[in-house]
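Chemist: Assemble the complex: chain A is given as a structure, and chain B must be docked to it using the hints.
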Amino acid sequence: MPVINDMIPEFDLFQPADVDGALELLAKHDDAWVLAGGLDTFDWFKDRAKRPDVVVDLGAIDQLRGIREQGDGYEIGALTPLSDIENHEAIKAKFPMLAQAAQAVATPQVRNQGTLGGNIVQDTRCWYYRGGWPCYRAGGNICYADTPTSMNREHCIFGASRCVAVSPSDSAPALVALDAMMVVRSRSGEREVPAADFFIGPSTDITRMTVLNGRELLVAIRIPSTFAGAHQYFEKVRDRNAWDFPLVNVAAAFKRNGATIEDARVAVGAVAPYPMRLEAVEAQLRGKNADEATGKSAGELAIKGAKPLRHNGYKLPLMRNLVMRAVRDAQSAQA
Amino acid sequence: MAIFGKDYTPPDLHAKITGRAKYAEDFRADGMLFAKVLASPMPHARVRNIDASEALAMEGVEAILTADDLPDLGPLSERALTMEPLYEGEPILAVAATSELLAAEAIEKIKIDYEPLPFALDPLESLKPSGSNARVDGNTIVNERTEEGRRTVVKELRWSQDVFDEAGDHLPMGEHQDEWSYGDLEAGFAEADYVIEETLAHQSVTHHPMEPRTCMATVQNGKVILHASTQSVARTHGPAAAWSGIDGKDLVVIGEYCGGGFGSKIVGTVNMPIAALLAKKTNRPVMHRITRYEETYIGRARPGFQTWIKVGFRKDGSITALDMYIIQDNGPYGRQGDLSMGPTTASLAYQPQAMRFRGVSVLTNTPPRSAQRAPGGAQIIAMIEPMMDRAAAELGLDRLEIRRTNAPQGKAKVGPQRAEISSAFVHEMIDQAKEKLNWDELKTRSGQRNGSKVTGIGLGFSPFIGGVSGFDGLLVIKDDGKVHVHTGVGNLGTHSFSDTARVAADVLGLEWEDINVIWGNTGKHLPWTTVQAGSMTTHATTRAIHAAASDAKAKLQELAAAELGGSASSYDVSGGRVHPRGNRRGGMSLASAAQKAVARGGKFSGEELPENIHRMTTASATALAGQGLLGVAKDEYDNGGPLWSFVLGCAEIEIDVETGVLEMTNYTAITDCGTVMNPRSLAAQLHGGGIQGFGLARYQKWIYDPSWGIPFAHRFYTARPPTILDVPREMAWGAVGEPDPYTPVGAKGIGEPPIGAGQAALVSAIQDALGGKVIRKMPVMVENILNALEDRPQDTETLTAHS
Numbered sequence: 001m002p003v004i005n006d007m008i009p010e011f012d013l014f015q016p017a018d019v020d021g022a023l024e025l026l027a028k029h030d031d032a033w034v035l036a037g038g039l040d041t042f043d044w045f046k047d048r049a050k051r052p053d054v055v056v057d058l059g060a061i062d063q064l065r066g067i068r069e070q071g072d073g074y075e076i077g078a079l080t081p082l083s084d085i086e087n088h089e090a091i092k093a094k095f096p097m098l099a100q101a102a103q104a105v106a107t108p109q110v111r112n113q114g115t116l117g118g119n120i121v122q123d124t125r126c127w128y129y130r131g132g133w134p135c136y137r138a139g140g141n142i143c144y145a146d147t148p149t150s151m152n153r154e155h156c157i158f159g160a161s162r163c164v165a166v167s168p169s170d171s172a173p174a175l176v177a178l179d180a181m182m183v184v185r186s187r188s189g190e191r192e193v194p195a196a197d198f199f200i201g202p203s204t205d206i207t208r209m210t211v212l213n214g215r216e217l218l219v220a221i222r223i224p225s226t227f228a229g230a231h232q233y234f235e236k237v238r239d240r241n242a243w244d245f246p247l248v249n250v251a252a253a254f255k256r257n258g259a260t261i262e263d264a265r266v267a268v269g270a271v272a273p274y275p276m277r278l279e280a281v282e283a284q285l286r287g288k289n290a291d292e293a294t295g296k297s298a299g300e301l302a303i304k305g306a307k308p309l310r311h312n313g314y315k316l317p318l319m320r321n322l323v324m325r326a327v328r329d330a331q332s333a334q335a
Numbered sequence: 001m002a003i004f005g006k007d008y009t010p011p012d013l014h015a016k017i018t019g020r021a022k023y024a025e026d027f028r029a030d031g032m033l034f035a036k037v038l039a040s041p042m043p044h045a046r047v048r049n050i051d052a053s054e055a056l057a058m059e060g061v062e063a064i065l066t067a068d069d070l071p072d073l074g075p076l077s078e079r080a081l082t083m084e085p086l087y088e089g090e091p092i093l094a095v096a097a098t099s100e101l102l103a104a105e106a107i108e109k110i111k112i113d114y115e116p117l118p119f120a121l122d123p124l125e126s127l128k129p130s131g132s133n134a135r136v137d138g139n140t141i142v143n144e145r146t147e148e149g150r151r152t153v154v155k156e157l158r159w160s161q162d163v164f165d166e167a168g169d170h171l172p173m174g175e176h177q178d179e180w181s182y183g184d185l186e187a188g189f190a191e192a193d194y195v196i197e198e199t200l201a202h203q204s205v206t207h208h209p210m211e212p213r214t215c216m217a218t219v220q221n222g223k224v225i226l227h228a229s230t231q232s233v234a235r236t237h238g239p240a241a242a243w244s245g246i247d248g249k250d251l252v253v254i255g256e257y258c259g260g261g262f263g264s265k266i267v268g269t270v271n272m273p274i275a276a277l278l279a280k281k282t283n284r285p286v287m288h289r290i291t292r293y294e295e296t297y298i299g300r301a302r303p304g305f306q307t308w309i310k311v312g313f314r315k316d317g318s319i320t321a322l323d324m325y326i327i328q329d330n331g332p333y334g335r336q337g338d339l340s341m342g343p344t345t346a347s348l349a350y351q352p353q354a355m356r357f358r359g360v361s362v363l364t365n366t367p368p369r370s371a372q373r374a375p376g377g378a379q380i381i382a383m384i385e386p387m388m389d390r391a392a393a394e395l396g397l398d399r400l401e402i403r404r405t406n407a408p409q410g411k412a413k414v415g416p417q418r419a420e421i422s423s424a425f426v427h428e429m430i431d432q433a434k435e436k437l438n439w440d441e442l443k444t445r446s447g448q449r450n451g452s453k454v455t456g457i458g459l460g461f462s463p464f465i466g467g468v469s470g471f472d473g474l475l476v477i478k479d480d481g482k483v484h485v486h487t488g489v490g491n492l493g494t495h496s497f498s499d500t501a502r503v504a505a506d507v508l509g510l511e512w513e514d515i516n517v518i519w520g521n522t523g524k525h526l527p528w529t530t531v532q533a534g535s536m537t538t539h540a541t542t543r544a545i546h547a548a549a550s551d552a553k554a555k556l557q558e559l560a561a562a563e564l565g566g567s568a569s570s571y572d573v574s575g576g577r578v579h580p581r582g583n584r585r586g587g588m589s590l591a592s593a594a595q596k597a598v599a600r601g602g603k604f605s606g607e608e609l610p611e612n613i614h615r616m617t618t619a620s621a622t623a624l625a626g627q628g629l630l631g632v633a634k635d636e637y638d639n640g641g642p643l644w645s646f647v648l649g650c651a652e653i654e655i656d657v658e659t660g661v662l663e664m665t666n667y668t669a670i671t672d673c674g675t676v677m678n679p680r681s682l683a684a685q686l687h688g689g690g691i692q693g694f695g696l697a698r699y700q701k702w703i704y705d706p707s708w709g710i711p712f713a714h715r716f717y718t719a720r721p722p723t724i725l726d727v728p729r730e731m732a733w734g735a736v737g738e739p740d741p742y743t744p745v746g747a748k749g750i751g752e753p754p755i756g757a758g759q760a761a762l763v764s765a766i767q768d769a770l771g772g773k774v775i776r777k778m779p780v781m782v783e784n785i786l787n788a789l790e791d792r793p794q795d796t797e798t799l800t801a802h803s
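Note that the protein sequences, when read in sequence, are chains A and B. First residue of the first sequence: 1, per this note's numbering; consecutive thereafter. First residue of the second sequence: 1, per this note's numbering; consecutive thereafter.
For reference, chain A alone in the conformation it holds in the complex (with noise of 0.2 Å):
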């Protein structure tokens, strides 16, 4: 554990002009750190917690930045600051949730300064992971934050694989239910990773919670038309109205014909280390109607196999009753 906080060691800083300098970069140095916006970097550098001896800063490499029409949806730069996001005219009629997400997070300094992509690859924010406790995550062979006297308000109650810290993204979930691609560089190419597999638990690699390997760049986020303009939903639950993470975030999409129900995406954030699809759910929604009723089903759902830990177990209403919000928003917005 650290001895000092608050200051920054010093580093090698590379400030590569384009995606090809960057990952040459990542592929020389092994222990290179990828900054974009600092938001979540920079609380780990001033904890001494994380002290590689290079970083590559992505800040002056344009073409990651800027919303585009991309085929029938859009492709949005991993750097583009959620601020952007938040204020662009095209998103927020066609995919309104992930408007909201962006809006949700933070402070209007912090989206200013924060990217989507940095927002979608952010590490966890368990207090004992962040505070430098030799735990799982960290390498070390103990969760501190699931023992009889852990303090575990803010952590998992699905998906617990010896780590039980949470996703902390406001946008991941929404890009989960808008079926978004992400779109991963590396010197040998470039892939496209399903949102929903983009994310991986500690029961997949306890020591990160994306498909990104230390030579993997996210460059942009493609978002396919398949819910544009359709019903969408995102509601955060926090403590503070500003410079909060999620205590429960959902976000939902929804294909209407008429009052049924015809297709549904619904994700949860920061209950699970991973943004949570809830694929049976949007089963059990496909030909209902969007009502009140319905929306109280799929919640209980939801949180079939919950497993609450000692200090959180008021996730377990709070996540039922964002779904069923979710789905019976879906009915009032018909009327």
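Hints in this document: simulated from the structure, not taken from any laboratory. Heads up, some of the hints might be wrong.
[As the list claims (entries may be wrong)] DEER-style ranges, computed between Cβ atoms:
#, chain 1, residue 1, chain 2, residue 2, range
1, B, Ala21, A, Phe42, 26 to 32 Å
2, A, Leu13, B, Pro71, 43 to 49 Å
3, A, Asp197, B, Ser707, 45 to 51 Å
4, A, Gly140, B, Pro118, 23 to 29 Å
5, B, Pro118, A, Asn141, 23 to 29 Å
6, A, Ile8, B, Arg28, 19 to 25 Å
7, B, Gln417, A, Phe42, 27 to 33 Å
8, A, Gly38, B, Leu76, 43 to 49 Å
By construction, the Cβ of each residue, glycine as well, lies at the ideal position given by its N, Cα and C atoms.
Modeler: The following block gives chain B in isolation, referenced to the frame of chain A:
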């Protein structure tokens, strides 16, 4: 009064909004070193050995400071550095180096051999038979009266397991160490038509001033010049000298601006010696910047309370008896006054016919405590006010009326001594609130549903101390015709350092532009002044400056009579002249009066000084002697007993019953603070204090891992002070404005009570929205509301501290 009581532009405003104002961290000097501290990684330990050889061998590492370099001020006195850290984060040593980064690298290279010691985080756990002591010599801290006088001692106190077993859900109440009472408690409860009792908990809370306790020190000609972040200035000099072991005559304290303190920097900060002594040691300027992370452990905190309260009411709502037991989370050092101020505040707020208080102050290995805005008062008010609402509901009474029934009014009595307070205009305050709130309409909104949202209305009646007296005023009328008011108070953002000087303009019949306020530097000849804390400044300093200005006026009249003939009383002072009454153009200008005062000498120019002023004032006045006509006097005006101010807050909220999410829609605060000194600043106090109270009510707390004794809420985003987006859009205020009859200006302090009003109003509003469901623990987080709505057990136990 022509000047006092009106909005104006304080003399520090341009510097603040343009960024020219320099706080401690903004100072730089050639060759300046940076200091960093090594903080204890464990909650309680003994340092067996320090090996700093590798660090000291680094190029650019100039000095190390340890507890051995500091004066020993007794076992209970906290020092800047320690060999027995009593909480995680307590500084053990400091290093000065040519850069801050280098200082940090050096700290990492220091090897410390710790002997871990048992620790206690939770007062109740410490009182159990198997509990640990926070200090090696005991787990409680007691004020004892002995033949030699009062002393504070550490004692070991354990309660039997039976006490805990029998308590069930209620507060275990074993042997107490503090007690007072008045009236016949038993008879009071026997007489009651309705009795309510509750076990409740209030968290410990860090102060979180925006400016951390940074210090910068330089050494000039053998004197240490200390730029500090401090609430007071005149009263910081002595403690800074004592904590550092520097002779007072060799120390100058400069603190012209302070980014808030809330009671955490009353006489400066205990870390001041680090910069001062490293500067002395190296003979170079030293900057000791405190980061936000560090501020959350070496900053101060409000003590938490674990409490049992029982109240008896007659049918008409009047309180027959009030009984309370408080376990105070004292932190590791000096005994905290919250434990006695809480019940004292309750005794005034509710005027019970009989009352008893019992309590114990338990030492814990958590950050040091100090007074925080309405210490004790805010905690106890926020606990009792929701009980008042439940009693009103039970007895079918209006919530505003039940408060009027019990309100202190006029010469109300306070505390076990039943002392008569100076004044209270609480009935007038409640009348104003009733009208301003449109109460009869507002209260009908309680419990109204709008979709998934339910409305709650809450009241918070909060008294707190509003002044002291007996300090000195000092001013000089110079030959530029201006009045230079020297004031020893600090400038912690409330404007009171200059508001109080406006009295001089009124007494001397001048415009505000004719007044120059000199503050913030003990090298500038400051008078003996109250500490800038406990809302004492307004009352104490308006009186002291009034006394000095009146002294100057009398001297001007006497001088005019001597120079121009006639009697002193035939002269008046106004418009920049001392002139014959009825002839404002006659007589002489203040500029020439100043010259004549210097020529005459004696008392006029400060060569002769009053006997009754403090030695600090005497020294300052002596230094100013001969510069003009001196007004210097001790405040010996009448005193009407303990001085208290009052705020009634009203919060309107909406709670979403499906998520537990709370939105505040409206907050109004009405005050009795005597004469209003500065309306705009008063509004800022009422609303700012209210907002701080919202944070206490809703989300600010510590989280400790109980097995390791390590806290997590080190940053703003985890400690959660309120943000502007959590503040209701609609906020209003009002003031009764009746002067306190015993003070020439009539103004009372108003820094303290707004916080309890905001906190209590919000907690009461939550209870109201929940249809009277009781949440027994503060802060009331989203999950507490949701669990209550869902009839689920809470996820943390009421009586578990820091959870």
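Chemist: Now tell me if each hint is right for this structure.
Modeler: Now for the hints, and whether the structure bears them out:
1. B/Ala21 x A/Phe42: 26 to 32 Å: 27 Å, holds
2. A/Leu13 x B/Pro71: 43 to 49 Å: At 45 Å between Cβs, range holds.
3. A/Asp197 x B/Ser707: 45 to 51 Å: Between aspartate 197 of chain A and serine 707 of chain B, where Cβ atoms are some 37 Å apart, the hint is violated.
4. A/Gly140 x B/Pro118: 23 to 29 Å: Holds - the Cβ-Cβ distance for glycine 140 of chain A and proline 118 of chain B, about 25 Å, lies within 23 to 29 Å.
5. B/Pro118 x A/Asn141: 23 to 29 Å: Once the Cβ atoms are compared, 26 Å apart, the range 23 to 29 Å for asparagine 141 of chain A and proline 118 of chain B holds.
6. A/Ile8 x B/Arg28: 19 to 25 Å: 21 Å, holds
7. B/Gln417 x A/Phe42: 27 to 33 Å: The hint (27 to 33 Å, Cβ to Cβ) is violated, given that glutamine 417 of chain B and phenylalanine 42 of chain A are roughly 55 Å apart.
8. A/Gly38 x B/Leu76: 43 to 49 Å: 44 Å, holds
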